[in-house]
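Please model the complete structure; the sequences and the hints are all you need to start from.
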Amino acid sequence: MIKSLSSIASLLPFFFLIFGFCSLCESAEEPVKEQGKDVPGKLILKEIALPASTSFWNSRIRNLGEYKPTLSGEKELLQYWLFLPKDESAKSADGFPLMIFLHGAGERGNNPELVKKHGPPKLLAKGAADHWKFLTVAPQCPDGKYWSPDQILAFLDELILRYPIDQNRIYITGISMGGFATWMLLNKAPERFAAAVPICGGGQLDHPEKVVSIPIRIFHGDADSVVSPQFSRDFFDAIQKAGGKKVELTLYKNVGHDSWTRTYANPDLYEWLLQQKKNP
1 MIKSLSSIAS LLPFFFLIFG FCSLCESAEE PVKEQGKDVP GKLILKEIAL PASTSFWNSR
61 IRNLGEYKPT LSGEKELLQY WLFLPKDESA KSADGFPLMI FLHGAGERGN NPELVKKHGP
121 PKLLAKGAAD HWKFLTVAPQ CPDGKYWSPD QILAFLDELI LRYPIDQNRI YITGISMGGF
181 ATWMLLNKAP ERFAAAVPIC GGGQLDHPEK VVSIPIRIFH GDADSVVSPQ FSRDFFDAIQ
241 KAGGKKVELT LYKNVGHDSW TRTYANPDLY EWLLQQKKNP
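Per this note's numbering, the sequence shown starts with residue 1, numbered consecutively.
Worth flagging that the hints you see were computed from the coordinates, not collected in a lab. Even glycine gets a Cβ: it sits at the ideal position worked out from N, Cα and C. Check each hint, because a few of them may be wrong.
Claimed, not checked - No farther apart than 27 Å at their CA atoms in a straight line, the calculated lysine-lysine pairs in the BS3-like style are these:
1. 133 <-> 75
2. 241 <-> 86
3. 126 <-> 42
4. 145 <-> 117
5. 91 <-> 145
6. 253 <-> 117
7. 241 <-> 210
8. 91 <-> 68
9. 91 <-> 241
10. 210 <-> 188
11. 133 <-> 91
12. 116 <-> 91
13. 277 <-> 210
14. 133 <-> 277
15. 133 <-> 278
16. 145 <-> 68
17. 46 <-> 122
18. 122 <-> 253
19. 42 <-> 91
20. 68 <-> 86
21. 116 <-> 133
What the hints assert, rightly or not - Derived DEER-like restraints, expressed as beta-carbon distance ranges:
22. 110 <-> 89: 29 to 39 Å
23. 63 <-> 256: 34 to 44 Å
24. 228 <-> 75: 29 to 39 Å
25. 228 <-> 39: 40 to 50 Å
26. 168 <-> 106: 10 to 20 Å
27. 144 <-> 277: 14 to 24 Å
28. 38 <-> 77: 14 to 24 Å
29. 39 <-> 67: 29 to 39 Å
Written out as structure tokens, the structure is:
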């Protein structure tokens, strides 16, 4: 018995070594949070404390575009994916163009991997990173809430302090719930953005005259049964009626709610965005 215990004891360092190696392997699979220097060409998971959102979810689609304030005295953590380009050809003396991507309702929660299910984060995770020219951020909306424009604007302010961003080249885009948020941000602070790409979004456009000078490309499936394409038609008509000449509407024939896959797969969209810059 004593001999057996002695043999087991002699193997303990080996067991600890194996256990430690396995632990390192497991931790290597987890997303990186605020660890070390940001690595160009890689999606890095970050988190930030922002004023708490009061935009609580409800079952009425139209309400996803309803403005709610944040609680300046309270904070909540927002997780986000960050991508710094390896390709610096698009970087000006003022910094990189910034793309903010806002996901849909199905990607809310505390599993940031869901954010990579669609849009630019998906493309970056699947091989587009080498030639991607946008500093890109993709936050995750907490479960039980929808996007708060005030919180996103506070997030934008923090990003500008932290990263080399050209403030004349800030682009906002989103799908479904994120499309609603894109319109809310254009309502709230159109002067912050050089261009916008709302996809299958909705809500209401309070002051279309305020966005007539902003290049906007709207995308929607004409057979969308989740978010009516009439929202996009109404926004397009209102901006044109107010004198807007820089708005375009694409309605995909016989396409349902997923009007984003085709949109984000089109390289022309990114070439167009890179050409958009706010007037000094």
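Hints, verified against the model:
A distance of roughly 32 Å separates the Cα atoms of residue 133 and residue 75; the hinted pair therefore is violated under the 27 Å criterion. A hinted pair counts as satisfied when its Cα atoms are at most 27 Å apart, and residue 241 with residue 86 does not qualify at roughly 42 Å. For the hint pairing residue 126 with residue 42, the CA-to-CA distance comes to about 11 Å; that is within 27 Å, so the pair holds. Proposed proximity of residue 145 and residue 117 is supported: the alpha carbons are some 19 Å apart, at most 27 Å.
Restraint check for residue 91 and residue 145: the C-alpha separation of about 35 Å exceeds 27 Å, so the hint is violated. Between residue 253 and residue 117 the CA atoms are separated by roughly 24 Å; this keeps the pair inside 27 Å, and the hint holds. Distance restraint check for residue 241 and residue 210: the Cα-Cα separation of roughly 12 Å lies within the 27 Å cut-off, and the hinted pair is therefore satisfied. The suggested pairing of residue 91 with residue 68 is violated, with an alpha-carbon distance near 35 Å, which exceeds 27 Å.
This hinted pair does not check out: residue 91 and residue 241 have alpha carbons roughly 36 Å apart, beyond 27 Å. Taken as a hint, the residue 210 and residue 188 pair is honoured in the structure, with Cα atoms around 10 Å apart against an allowance of 27 Å. Between the alpha carbons of residue 133 and residue 91 the distance comes to roughly 8 Å, so the proposed pair stays at or under 27 Å and holds. Of the supplied pair hints, the one linking residue 116 and residue 91 holds, its CA atoms being roughly 25 Å apart against a limit of 27 Å.
Proposed proximity of residue 277 and residue 210 is supported: the alpha carbons are some 17 Å apart, at most 27 Å. Taking the CA atoms of residue 133 and residue 277, the gap is near 15 Å; set against the 27 Å cutoff, the hint holds. Between the alpha carbons of residue 133 and residue 278 the distance comes to roughly 18 Å, so the proposed pair stays at or under 27 Å and holds. Distance hint between residue 145 and residue 68 is fulfilled; the C-alpha atoms sit about 11 Å from each other, no more than 27 Å.
Proximity of residue 46 to residue 122 is assessed by CA-CA distance (about 17 Å); at most 27 Å being required, the pair is judged to hold. Distance restraint check for residue 122 and residue 253: the Cα-Cα separation of roughly 24 Å lies within the 27 Å cut-off, and the hinted pair is therefore satisfied. Our distance criterion of 27 Å between C-alpha atoms is met by residue 42 and residue 91, whose separation comes to about 17 Å. Taken as a hint, the residue 68 and residue 86 pair is broken in the structure, with Cα atoms around 37 Å apart against an allowance of 27 Å.
For the suggested pair residue 116 and residue 133, the alpha carbons sit about 18 Å apart, so the restraint of at most 27 Å is met. Between residue 110 and residue 89, the C-beta spacing of about 36 Å keeps the proposed range 29 to 39 Å intact. Between residue 63 and residue 256 the C-beta distance comes to about 22 Å, which lies outside the given range of 34 to 44 Å. Between residue 228 and residue 75 the CB atoms are about 36 Å apart, so this pair conforms to the stated range of 29 to 39 Å.
Checked against the given bound of 40 to 50 Å, the beta carbons of residue 228 and residue 39, roughly 42 Å apart, stay inside it. Under the hint 10 to 20 Å, the C-beta atoms of residue 168 and residue 106, about 33 Å apart, miss the expected range. Between residue 144 and residue 277 the C-beta distance comes to about 38 Å, which lies outside the given range of 14 to 24 Å. Range check, residue 38 to residue 77: Cβ separation about 19 Å, and the 14 to 24 Å hint holds.
Checking the proposed 29 to 39 Å range against residue 39 and residue 67 shows it holds: the Cβ atoms sit about 37 Å from each other.
When each numbered hint is compared with the structure, violations occur for hints 1, 2, 5, 8, 9, 20, 23, 26 and 27.
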